[in-house]
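S.K.: Model the full assembly from the supplied sequences, consistent with the hints where possible.
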Amino acid sequence: LMSEQKIKEAIVKQYSGYVYSLEFKESASQYVAVILKNSTQYTVTLDAFTGKVVNTSHQEVKVLTRQDAKDLALATYAGKVKMVEYDQNAAIFTVKIIKDNTEYTVTIDAVSGEITHVKQDKLQPLTENDVKVLALKHQEGKVEHIELITENSITVYVVTLVSGSKQQTLKFDAYTGQECS
18 LMSEQKIKEA IVKQYSGYVY SLEFKESASQ YVAVILKNST QYTVTLDAFT
68 GKVVNTSHQE VKVLTRQDAK DLALATYAGK VKMVEYDQNA AIFTVKIIKD
118 NTEYTVTIDA VSGEITHVKQ DKLQPLTEND VKVLALKHQE GKVEHIELIT
168 ENSITVYVVT LVSGSKQQTL KFDAYTGQEC S
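Position 43 of the sequence shown, counted from 1, bears residue number 60 in the working numbering, the numbering being contiguous throughout.
Don't take every hint at face value.
Unchecked claim - Mimicking DSSO-like on lysine-lysine, the simulated pairs with C-alpha atoms at most 27 Å apart in a straight line are: (1) K154 - K183; (2) K54 - K113; (3) K159 - K139; (4) K97 - K188; (5) K87 - K116.
Note that these hints are calculated values from the structure, not bench results. These figures come from a predicted structure and were not determined experimentally.
M.R.: Structural data, given as structure tokens:
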């Protein structure tokens, strides 16, 4: 009887794509593998002793779009989306959301739409020096004043810059450094 690892190796040699699931059917001495490649799902049945393919079938499946993944993550963790990535080798989306000074890394199965993992990290605000550097990248001049405030439930740095006789106020998200309007 071949191990799951050996069966996976045999599958990878014959098929490209992501092995979405692998199940051993003891009564038939067979493994049933589901392989996802782009938007096609292949079901491959292999003999558990030889690893040879006994049967195959395929069907088109709906794979989430980036927007679908973003919407699913936001439905659970309403906040500001920092990043959406798709790993086609694992058929998963990773969405990073910032909410209430916490970064949520949400992993979503691209086929089922199921949230499979969530990681939370408390964020530390940028330092005043970090914000000063950001402000000077946006506008030349001298930083007159920096203040940390909460505005519309978002913690922001308000920076006052002076250049000659011109004064400008900039706002930056205290956790991401993104300029706010």
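S.K.: Now tell me, hint by hint, if it's right for this structure.
M.R.: Verification of the hints:
no., hint, in the structure
1, K154 - K183, "holds (17 Å)"
2, K54 - K113, "holds (25 Å)"
3, K159 - K139, "violated (32 Å)"
4, K97 - K188, "holds (16 Å)"
5, K87 - K116, "holds (14 Å)"
Hint 3 from the list above is the single one not met by this structure.
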